[in-house]
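J.: Below, each chain spelled out in residue letters.
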Amino acid sequence: MSGEDKNLHSMSESDSEQEDVGKEGIEWIMNLPDVPMKLPPHVELQRTRVECKADAPIHTDTIQYSGAYASLGIDNSLRLDSFRKNFKIEVIDLKEDDMEFDMIGIDPSLANAFRRILIAEVPTMAIEKVLVANNTSIVQDEVLAHRLGLIPIRVDPRLFEYSDKDTPNEKNTIVFRLHVRCERGKPRLTATSEALTWLPNGSEFPLVSDKSVSNSKPKTYTSFSCSQDTLPEFANNPIGPKDGDIILARLSSGQEIELEAHAVKGMGKTHAKWSPVATAWYRMLPEVVLLEEIEDELAEELKNKCPVNVFDIEDIANGKKRATVARPRACTLCRECIRGEAWEKRVSLRRVKDHFIFKIESTGALPPEVLFTEAVKILEDKCERLIAELS
Amino acid sequence: MNVPDRYERFVVPEGAKKVSYERDTKIMNAATFIVEREDHTIGNIIRMQLHRDDNVLFAAYQLPHPLKYRILVRIQTASQSSPMQAYNQAINDLDKELDVLKYELEGAFSRFSRSY
Chain A
1 MSGEDKNLHS
11 MSESDSEQED
21 VGKEGIEWIM
31 NLPDVPMKLP
41 PHVELQRTRV
51 ECKADAPIHT
61 DTIQYSGAYA
71 SLGIDNSLRL
81 DSFRKNFKIE
91 VIDLKEDDME
101 FDMIGIDPSL
111 ANAFRRILIA
121 EVPTMAIEKV
131 LVANNTSIVQ
141 DEVLAHRLGL
151 IPIRVDPRLF
161 EYSDKDTPNE
171 KNTIVFRLHV
181 RCERGKPRLT
191 ATSEALTWLP
201 NGSEFPLVSD
211 KSVSNSKPKT
221 YTSFSCSQDT
231 LPEFANNPIG
241 PKDGDIILAR
251 LSSGQEIELE
261 AHAVKGMGKT
271 HAKWSPVATA
281 WYRMLPEVVL
291 LEEIEDELAE
301 ELKNKCPVNV
311 FDIEDIANGK
321 KRATVARPRA
331 CTLCRECIRG
341 EAWEKRVSLR
351 RVKDHFIFKI
361 ESTGALPPEV
371 LFTEAVKILE
381 DKCERLIAEL
391 S
Chain B
1 MNVPDRYERF
11 VVPEGAKKVS
21 YERDTKIMNA
31 ATFIVEREDH
41 TIGNIIRMQL
51 HRDDNVLFAA
61 YQLPHPLKYR
71 ILVRIQTASQ
81 SSPMQAYNQA
91 INDLDKELDV
101 LKYELEGAFS
111 RFSRSY
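Here the protein sequences line up with chains A and B, keeping their order. Read in full-length UniProt numbering, the first sequence has 329 at position 329, and its numbers run on one by one without any break. Read in full-length UniProt numbering, the second sequence has 98 at position 98, and its numbers run on one by one without any break.
Label pairs and their in silico Cβ distance ranges:
1. Pro4(B) with Ala342(A): 50 to 60 Å
2. Ile387(A) with Pro13(B): 13 to 23 Å
3. Glu142(A) with Phe58(B): 44 to 54 Å
4. Pro13(B) with Thr136(A): 43 to 53 Å
5. Asp229(A) with Gln62(B): 42 to 52 Å
6. Lys85(A) with Leu63(B): 27 to 37 Å
7. Ala68(A) with Gln62(B): 16 to 26 Å
The calculated DSS-like cross-link candidates involving lysine-lysine, where the alpha carbons are at most 30 Å apart (straight line), are:
8. Lys96(B) with Lys85(A)
9. Lys353(A) with Lys102(B)
10. Lys321(A) with Lys53(A)
In case anyone wonders, no lab produced these hints; they're calculated from the structure. For glycine and all other residues, C-beta sits at the position ideal for the given N, C-alpha and C.
Input sequences plus hints: build the corresponding full structure.
T.: This is the structure:
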C-alpha cells in the first residue's frame with residue numbers, strides 16, 4: 001500500500017542528492033527510475049483479493065508479515081499514517097434496529113474482534129432472577145424463567161451497575177411483575193411480554209424469613225433507596241420489554257401465573273440472553289470482473305445464470321448486446337456463473353480482502369450505531385489494561 | 001452442583017496478574033506473555049499488530065484450553081528490539097489505530113442522517 005508514496009519519496013531524494021549516488025549500493029539501485037516500486041499486478045491481486053474458483057477459493061490468507069515482499073524491495077509493514085490514509089467507514093443503511101456499514105482498509109482480525117465483542121462483551125440488562133408466587137399453567141417454572149430471561153428489555157444498560165451478590169438496589173436491578181390469570185369458563189388466554197409491568201419501587205414480595213419489627217415497612221427482596229421513575233432518565237421513558245408480542249405462556253381456564261422478575265446487567269459471555277445483538281456479522285466485498293467481452297447469446301446466458309441478478313445487458317453499436325456487472329454487491333459467490341465449460345476464463349469472482357460489509361442487528365436495548373461505538377470503547381479499554389497491568 | 005462460577009470467565013482471580021511475562025531461557029530475545037481472562041478477540045489483533053513490526057521475527061498466540069481462560073502470546077524479536085518493547089509498541093499502535101477508527105466512525109455516523 002505504501003508503494004506509491006515511497007516511489008515519490010525516492011524520486012525527490014535522487015534529485016537532491018546527486019553527488020551521493022553510488023555511495024550506498026542498494027540505495028542507489030532502488031533510486032533508479034525504472035526499478036519497480038509497486039508489486040507486479042498479479043502479486044498485488046493475490047495480496048488484495050480472494051479469488052473464488054469453481055472448486056475452491058484461492059489466495060485466502062492476508063499477508064501481514066512486514067517483510068513479506070522484502071525480496072522485491074517492497075515494504076509490507078503497515079504504519080499508522082498509511083492506516084489513517086486508507087481507512088474509511090461508510091454507512092450504507094441505518095434503521096432503528098439494524099445497520100449496515102462498510103469498513104474499508106482494516107484487517108480481518110480487527111473486524112472479527114468487533115464482531116466478537118458485539119456478541120459477547122457489550123453489556124445489556126436481562127431477567128436473571130424470577131420469584132414465582134403462583135404458577136398453575138402447564139409451563140414449568142424453570143422453562144418460564146428461561147423464556148423470561150430471553151426477552152429483550154428496552155433500557156440503556158450504561159445507566160446501571162453490575163450487581164454484587166445479595167444487594168439488589170435501584171442502581172443494579174430492574175423489577176418486573178407478571179400477574180395473569182384466565183378466569184374460569186373463559187376461553188384460553190395468551191400471556192405476552194406486554195403483561196410485564198415495571199415496578200420502579202422494587203420488589204413487592206416480603207422476605208419470608210424476615211421476623212423483624214412489624215410496625216416498619218416489611219423487608220422485600222430488593223432494597224431500593226428511591227423510586228427508579230424519579231430518576232431523570234426514566235421519568236418520561238418507562239422501562240419495559242422491547243416487544244410486547246412475545247408469547248410467554250397460554251393459560252386455559254382457571255390457570256394463573258404470578259411472579260416477579262429481576263433484571264440485572266450482564267454480558268453475552270455469561271449467557272446469550274445478555275447479548276445486545278441478534279446477529280452481528282461481516283462479509284468481504286464481492287468483486288465480479290468480466291475477463292473478456294461477453295456478447296449476444298453468451299451475455300443472455302450469463303444474465304440468466306445468476307440467481308441474484310448481478311449482471312445486466314446493455315446495447316452497443318450494430319444491434320449487439322454486451323453483458324455488464326451492474327450489482328456486484330448482491331453477489332453471494334454462489335459460483336453459478338463460473339460453472340460449466342470455459343466460463344471460469346470469462347468471469348472472475350473475487351472478494352476484496354480489506355473491505356468489510358458489517359451488519360449489526362440490535363435486539364433493541366441500544367441503537368446499533370451506539371452498540372458499535374461501545375464495542376470500540378471496550379476494545380480500547382482492553383488494550384489499555386494489557387499495557388497498564390503488565391508487571 | 002459442580003458448575004464452575006460464571007464470573008470465572010472474565011474476573012481475574014485474586015493474587016493473579018492480568019499480564020505476566022516469561023522469558024525464554026534458550027532463545028535470545030524471545031518471551032511468552034500470559035494474559036489472564038482474555039481470548040481470541042485480543043489475541044488475534046495483538047498477533048496481527050506484531051506481524052507488522054519489522055523487528056519481530058516470530059509472533060503467535062495460543063488459547064491453550066477453552067476452559068482455561070487465558071492466552072499465551074509468544075514473541076521473538078531481532079536483537080535491536082525486545083519482546084517487551086514489541087509488545088508495548090504493538091498495543092500502543094493498536095490504541096492509536098482505534099482512535100483513528102473512532103474518529104472516522106463519528107464522522108460517518110454524523111454524515112448519515114437516520115432514515116426513519
